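The task is simple: from the sequences and hints, build the whole structure.
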Amino acid sequence: MSRSCERLQEFHDQISTDLKRTVKFWVENSHDLEKDGFFNCLGKDGKVYDTTKNTWLQGRQIWTYSTLIRHVPEVFGTEKDKILDFVEKSAKFLIYKVKDRETNRCPFSTTPTGLAIKYQRSIYTEIFFTMAMIELYSVTNNDLYKEEGLKMLDKIIYWTQEDDTELGRTVLPGTTPIQTLAVPMVVLSLGLLPLPEDRMTKYREIEEKCVKDIMKHIQRNGKVILENVSPDGTELPGSIGRLMNPGHAIECGWFLLEYAKKSGNSELKQIALDKFIMGAFESGWDAKHQGLFYFLDVDGWSPTQLEWDMKLWWPHTEALIAFLMAYDQTQDKKYLDLFEKVFDYCYQHFVDKENGEWFGYLNRQGDVTHTFKGGPWKGCFHVPRCLMMCQLILKKLLKKETDT
1 MSRSCERLQE FHDQISTDLK RTVKFWVENS HDLEKDGFFN CLGKDGKVYD
51 TTKNTWLQGR QIWTYSTLIR HVPEVFGTEK DKILDFVEKS AKFLIYKVKD
101 RETNRCPFST TPTGLAIKYQ RSIYTEIFFT MAMIELYSVT NNDLYKEEGL
151 KMLDKIIYWT QEDDTELGRT VLPGTTPIQT LAVPMVVLSL GLLPLPEDRM
201 TKYREIEEKC VKDIMKHIQR NGKVILENVS PDGTELPGSI GRLMNPGHAI
251 ECGWFLLEYA KKSGNSELKQ IALDKFIMGA FESGWDAKHQ GLFYFLDVDG
301 WSPTQLEWDM KLWWPHTEAL IAFLMAYDQT QDKKYLDLFE KVFDYCYQHF
351 VDKENGEWFG YLNRQGDVTH TFKGGPWKGC FHVPRCLMMC QLILKKLLKK
401 ETDT
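All letters in the sequence shown, in the order written, are residues 1 to 404 by my numbering.
Derived from the structure by calculation, the hints contain no laboratory data.
All of these numbers come straight from a predicted model, not from anything done at the bench.
Among the hints, erroneous ones may be present.
To be verified - Label-pair restraints from in silico Cβ distances:
1. GLY366 <-> LEU192: 28 to 34 Å
2. THR175 <-> LYS80: 48 to 54 Å
3. ASN142 <-> LYS202: 20 to 26 Å
Just so it is clear, CB atoms sit at the ideal spot from N, CA and C, and this is done for glycine as well.
Take a look at the structure:
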């Protein structure tokens, strides 16, 4: 076996072991067997420390389990059918107890029984509801999930492309119109779902609009990706206009890579590689302590976010996906080297081999600051998605190596 093949095999084996360990953590600790749905707030060892249910994370966990069942069902072992049954119960918990049947809106957080506690004036809970339903339909063929997912998808298109009044945002006299990178990138990502063919054809126009909006975030003569711009694509004044989120740009980069591959757009592929993945990584990597900064100011001012210099789990999972995907699509070894760099940092600092899953929050020096494994923003999503995608890409690369 060549050294190149050995290297890929080592990554594959570690990631496969980690994926099983991570899935086991969530299966053993997060299921609300009494009321359905998932407990999101889990301590280091998996104990539930808060029974509030966060709808982002409910939808994300349904999507994650459904995707794992579709692509790597072996991670659930002999429990696969039992897990799928619980996923369906949890989807119905979202449909019948969490979602407002009149407005089609989903609260951000609920009681354990699904009673609304708080709403956000954004589309993200609905985005993850859609992801959950469409992915679950793909493994069950139950039309209920298809209908629920497509109905919500139509609402998201309406809110983002026509009128967002129903989201409840107040427009004040001094309000500056803002386009955040998050909106077009997550709407674009819905096109990566296994949508029905007729809906996929209809969605292509939305994808193209999202790509155009994403391109507006390339600023300063193509040197930076800004998190917020004006709707017409000009830079905004002040701290909000200078804000960079390297992890977001990198995640958007692999979304663009997937879309470029699907649409055969080689120019977009190069932009994704050069601007969104490499550019954001080079700006965001901490040369002194390693790891990716959470926020940066493009002009070098201190970001106003208190957590700006912390190292969070999800920018690193997105970098792992992006670099391995880039290597798979280009065979340029610089991307594999950067994958290894991020991989080494993650397995030295985030991974908890004893209890499973990853810690989510480190200080700049790489020490764990928050010991919980699940919280209001961290659930069963970024880590298992990353590990699953990387395992599948590595398996494909290894096959290619052994076939040549």
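Status of the hints after comparison with the structure:
Between GLY366 and LEU192 the beta carbon distance is about 32 Å. The supplied range of 28 to 34 Å therefore holds. Taking 48 to 54 Å as the suggested C-beta distance range, the pair THR175 and LYS80 conforms, at roughly 49 Å. At roughly 22 Å, the beta carbons of ASN142 and LYS202 sit within the given window of 20 to 26 Å.
Of the numbered hints listed earlier, not one is contradicted by the structure.
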